[in-house]
Amino acid sequence: MKTISLAVRQLWPASCLLVAILQLSQPARAETSAWADNEGGRMRLIALPPDESGTIRAGLQIEPKPGWITYWREPGNSGIPPQVTLMSEGIFLDRMSYPMPKHIVDGKVDEVGYDASVTFPLQLTAKNPAVRELKANAFIGICKEICIPFQAELSLTLEPSAQSRPAEEAILRDADSALPEAASSEFKVDHHELSDDMKELSLNITLPESGESAPEVIVAGPSGHVFTRQMATHRDGKSFATTLSVGKLPKGYDVHGKTWSALIIDGTRAIEAPLAFE
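Under this note's numbering, think of the first position of the sequence shown as 1, with each following residue one higher.
The hints are simulated quantities; they were obtained by calculation from the structure and are not laboratory data.
Each residue gets a CB set at the ideal place from its N, CA and C atoms; glycine is no exception.
One thing to keep in mind: the hints can contain errors.
Simulated crosslink set (BS3-like; lysine-lysine; CA at most 27 Å straight-line) [unchecked claim]:
(1) K102 <-> K65
(2) K108 <-> K144
(3) K65 <-> K108
(4) K65 <-> K127
(5) K251 <-> K199
(6) K108 <-> K251
Using C-beta positions, here's what the derived DEER-type ranges look like [to be verified]:
(7) D115 <-> A34: 21 to 29 Å
(8) K238 <-> S78: 30 to 38 Å
(9) S88 <-> E52: 12 to 20 Å
(10) D176 <-> D115: 14 to 22 Å
(11) G237 <-> E89: 54 to 62 Å
(12) T85 <-> D176: 21 to 29 Å
(13) E278 <-> A36: 26 to 34 Å
(14) S195 <-> P149: 17 to 25 Å
All chains should be built: construct the whole structure from the sequences, respecting the hints.
See below:
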């Protein structure tokens, strides 16, 4: 074995040997945490170093196994929305964003979530831009026939910002591109109205393209409540009208002064618009 090893070494230029030695001695890339695994999938933390203002672009990446799902911020009839708690002193979570989900209906399952890899963008702020350690506690639900709570502590080291990070940057860029777009004149909710008995919600929507099929409408009401069942729809080109069934609301709930949100998915495009009730 020693003779074979020496023969191979003689074929390598000295520069190749130096590169190999350096690669062995360098630590693994630290812009991603180690994967945390459970029977339904795995998750990890991704982050780029703070910029000069202390802003950190990060993401919670979740990969469900085939046949398993994880959840949107309002899961549906059951499930656990993703939660991230920072454990690093001096780093704060400003915002967690949610890529366009699916309305998943299969037998008894009627939920809003993801059945493939998804990354939730996180915007963080570090009081000290020179911070080098990021720790977070992630808590999600991952579900097949039953929903399994999945909790893990994730940590990584933030290297100096001058270094290029194409893999991490691509993951975070793709996550941003999967977010619903901002409402605009070509894609918006024109009018919304809740019936007096609060059993039905009517929406009039301008869609970006002409078509015949009804878009997916997911309305997030009070915390823990999501409404997806469209009872009556009508589409005329870019104009769409729908009435959704509003499920059971909290006892004594007063909608006045509250704001719900409507996620409208039309083909590959989506918006999330606020629904304010006076």
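Evaluate the given range 30 to 38 Å for the C-beta pair formed by K238 and S78.
-> holds (35 Å)
Is it true that G237 and E89 lie within 54 to 62 Å of each other by Cβ?
-> Holds: the Cβ-Cβ distance is about 55 Å, inside 54 to 62 Å.
Whether the CB-CB distance between D176 and D115 falls inside 14 to 22 Å | Since the Cβ atoms of D176 and D115 sit about 21 Å apart, the hinted range of 14 to 22 Å holds.
S88 and E52, beta-carbon distance inside 12 to 20 Å?
-> Holds - the Cβ-Cβ distance for S88 and E52, about 19 Å, lies within 12 to 20 Å.
Pair hint outcome, K102 versus K65 [Cα-Cα no greater than 27 Å] | holds (16 Å)
Outcome of range test on Cβ distance (D115, A34; 21 to 29 Å) | holds (24 Å)
27 Å Cα cutoff - pair K65, K108 = Since the Cα atoms of K65 and K108 sit roughly 20 Å apart, the hinted pair holds (cutoff 27 Å).
Kindly confirm whether 26 to 34 Å is satisfied by the beta carbon distance between E278 and A36.
-> violated (45 Å)
Does the hinted range 21 to 29 Å hold for T85 and D176 at CB?
-> Holds, since T85 and D176 (Cβ atoms, about 22 Å apart) stay within the stated range.
Between K251 and K199, does the CA-CA distance stay at or below 27 Å?
-> holds (14 Å)
Satisfaction of hint between K144 and K108, Cα-Cα up to 27 Å | holds (11 Å)
CA of K108 to CA of K251, is that 27 Å or under?
-> holds (25 Å)
The structure fails to meet hints 4, 13 and 14 from the earlier list, while all remaining hints are met.
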